[in-house]
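Q: Read off the chains here:
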Amino acid sequence: MHTMSIQRKKIHPHKYSLWIAMGSITMMFIGFTSAYVVKRSQANWLAFELPHIFWLSTAVILLSSVTIHLALKNFKERNMQRYKQLITITAVLGVVFAACQWIGFSQLKSSGLPLNGPVSASFIYVIVGVHMLHVLGGVVALLVMFGRAYRTRVRTYSAVPIEVAATYWHFVDVLWIYLLIFLSIAR
Amino acid sequence: MSNEATLHSQQEVMHGAHDHHDHEHHHEDSFISKYVFSMDHKMIAKQFLITGIVWAIIGAFFSVLFRLQLGFPDATFPWLESILGHWAKGGRITPEAYYALVTMHGTILVFFVLTAGLSGTFSNLLIPLQVGARDMASPFMNCLSYWFFFLASLVMMASLFVQTGPASGGWTMYPPLSALGDASIGSKIGVDLWLTSMALFVVSQLLGGLNYISTLLNMRTKGMSMTKMPLTIWSFFFTAVLGVLSFPVLLSGFILLLMDRHAGTSFYLSDIFIAGKALANEGGSAILYQHLFWFLGHPEVYIIILPAMGMVSEVLAVSSRKPIFGYLAMIGSLFAICILAFLVWAHHMFVTGLNPFLGAFFVLLTLLIAVPSAIKVFNWLTTIWKGNIRFTPAALFSIGFVSTFISGGLTGIWLGNSSIDIHLHDTYFVIAHFHIVMGVSAFFGMFAGIYHWFPKMYGRFMNNTIGYIHFWVTLIGAYLIFWPMHYEGMAGMPRRYFDYSSWTSFNQFGGLNAFISIVVILVFATQLLFVFNFFYSIFKGRKLTEQNPWNATTLEWTTPIHAGHGNWPGEIPEVHRWAYDYSKDGRDFIPQTEPIGPNESAH
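Residue numbers (the working numbering), protein chains in the order written: chain A, 1 to 187; chain B, 1 to 603.
Simulated from the structure, these hints should not be mistaken for laboratory data. One should not assume that every hint holds.
[Unchecked claim] For lysine-lysine, the following DSS-like pairs were computed, each having C-alpha atoms within a straight-line distance of at most 30 Å: (1) B:K543 <-> B:K34; (2) A:K15 <-> B:K34; (3) A:K73 <-> A:K84; (4) A:K109 <-> B:K222; (5) B:K188 <-> B:K277; (6) A:K109 <-> B:K386; (7) B:K584 <-> B:K386; (8) A:K15 <-> B:K584; (9) B:K46 <-> B:K543; (10) B:K46 <-> B:K277; (11) B:K46 <-> B:K34; (12) B:K540 <-> B:K46; (13) A:K76 <-> A:K15; (14) B:K222 <-> A:K15; (15) B:K540 <-> B:K34.
[As the list claims (entries may be wrong)] A few chain B residues that face chain A, going by a derived Cβ cut-off under 7 Å, partial list only: (16) G91; (17) T94; (18) P95; (19) N218; (20) V244; (21) L245; (22) V249; (23) H262; (24) T265; (25) A286; (26) L288.
Here the structure is a predicted model, which is why all the values come from computation and not from measurement. For each residue, glycine too, the CB sits at the ideal point set by N, CA and C.
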C-alpha cells in the first residue's frame, strides 16, 4: 500500500453528507406536504381533528432531543456510564414515540377515518408513517452506537458518530414539529 | 478495495494532525474486494459503466423491436416469436408487448443508462481524480450506491420475465392506468416491480449524490479553489444537487402510488369505472401525480444533460488546445439551468387543464432556459473557433453534441409555448425533440467521455478507426431517424400508438416510417460495434505508455497509468492554476500543478 497523506478537509465528510441527506429528506416531506396543499384546495376535502395523542408524542420526542444532547455532552466528558444510560433512554423514547403515533393511527381508524377512507386521512397515515420510519431509523443508529459503547476490545474516542446521530435526531424532531404545525393549521 | 486503506484514510480525516507516514500493508486484495464489492471509486465507476452498457443494449434493442412494428406494421417476423413467445404470436408484436417495450425503453434509457450509467460512471471516476482526493467522502456509501443500483437492475430485469409482463403504462407511470391492477395487463405485478426497482434506484442515486457533493465541496486538494475546478466537476456538482433535491419528491409520489395500489387509498383515483363497474375510490386527483412526477421529471432531463455538458466542455478545450471560452459564464449558466430546472415542471402539463394564467409563467420560465443554453453553445463554438483541433473520436462526439444540442434545443422553444404545445403535445414532434436534445446529445457526451477517459480507466486506448465509423454513422443516423419525426409530429401524428393504419391521413408516412426503422437497425448495429471496441480494447487495446496522453492540464493525468486505491502514490499534488491553461505564453499546455511563474499572470 502506498503512502496516504492527510486529506485536506473543512468539516468531517460524514457530517457534511448528513446535512445534505437532511436536505434530501426535507425535500421528500416538502413533496408530501405540497401534495397535501394541492389536494386540499380541491373539492371533497374532509377536515378533522388530529388525534390528541400526537401532542403526547411531541412531548416524548422533545424530551428525547434533550436526552441525546446530554448523551453527547457526557460522551465528550467521557462519562461513559451516563452516556450509555442516556442513549438507551433516547432509543426507548424513540420507540415510545413510534408507539404513540401507532396509537394515533388506531384512534383515527376507530373514529371512522381508516387508511383507505377520505384522502385527508390517508395523507395523515402516509406522512406520519414515513416520518415514523425515519425516527425508527434513528433508533437503529442508536442501537449500533449502544453496541459500540459496550465493546471492550476497541474503545472509541471520536465523537463524530454520536454527533452525527444527535444531529439527525434533532432533525427528525424538528421535522415532526413542522409536520404537526402544518397538519394542525392546514386542515 | 481494502477496508484497511479506507479506514486509514478515515482515521487521517479524523485526526489529521500527524504528517504523512508510510503504511506498510502487504495484503493481497481478494477478487471479491477488488472487483465485486470494491470501495475504490475508479472500480465503482467501471461497474456503473458496464452495467449501464448492458442496459443500453437491452433498451436500444427494445426500440429496434418496436420500430419493426412501426415501420412494417403488416409484416411478420417469425424469429420474433422465438424470442418473445406469446408476446409476438405469429411473428407480430402484440399491442401489450408493444406498450411494454416502449415503457421499458424509456425507463431503461432515462434512468438506468443516462442517469446511473452516465453520472454514476463519470462522477465516480472524475470527482476524486480531478479535485485531488484519495477517494469519495464515504467509500462504503459509494459501494452501497452501486449495489442498490444493481439491486434495482435485478428487480427491473425480473419484471421483464413475469407472466403478465413488465409495466407498460409509459415510462411516466401515470395513474390511474398504473394505479389499478385491473386496468390493463401491464398494470399488474409489473408495476409493483417497477416501483420497487425505482425506489431502490432513488436510494442509489441519493447515496451517490450525497457522496459527490460532500467530496467535491470538502475534500479538494490544496489550492483547488472552486473556481479552479474543471467544468466537469462543476457540472457533476449541479447534477448531484438536482438529484438530491428532486429524487426524494419522486419517491414521495411513488409511495402515494403504492398506497393507491395496495392500501385502497385514493390519492390519485376518483370516479373510475372499470368494465362498467364503479370503483369506491373518491376524491383523488391524477394530476397530483403528474405534479410530483414532473417535479423530478424535469430536473431529471438536466441530471442527464449536465454531465454531458461538463465533459464536452473539457474535451473541447483539450482537443482544440484552447482555454474554455467564458469559464465563469459556463458556471453561471449551469447554475441558472439548475435553478430554472425546478421551476418549469408544469410545461409537461399544459394540456392537463392547467390554469392558462399559471401556464403563462411556466412558458416564460421555460423560454428563459434558452438564455443559459445559448450562452453555453456560444462558448463551445468560440472555444473551438480557430483552435488547433485534434479530431479524436472524443472531440468529434463533443462537436456532435453541440450540433444535436442546438437542433434539439431549438425545437424546445416551440414546445415551451403553451399555445403551440396544444397542437404538438403527445405527437412525434415531442419524440423528435427530446430524443435529439436529451437522448442523442447525452449519449454523445457519454461517448466523448468514454473515448477520452478510457485510457485513464483501463490504461489502454480504444480503436480510433472503429471510433470514427461509430461517430459518423451515429451522427448521420440520429438525424435521419429523428429529423423526419418532426414532420410527422407537425402533421399531428400522435406518439405511443401501436398501429396507424386506421388513420388514412397518416398513410403518407408509411414509407418514411419504414425508412426510419431501417436506419434504427443500422445505428443499433453500429452501437454494437462500439460495445465490441470497448470490451476488445479493455484487453487488447493499444497500451498507454505515458501518463498524460492528451496533454491535458487536469489532475487525473498526474496519477500513475494504473493508479491504485488512493490515486497518488505520494503526496496529493497541490494546485496552482485553473484547468484551462492551453496555448499560454507560447506553451501548448501548463498542468494545474505548476506554480504561476514570476513573469506570468494567473488566469
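Q: Okay, which hints does this one fail, numbers in order?
A: 4, 6, 8, 10, 16, 17, 18, 23, 25
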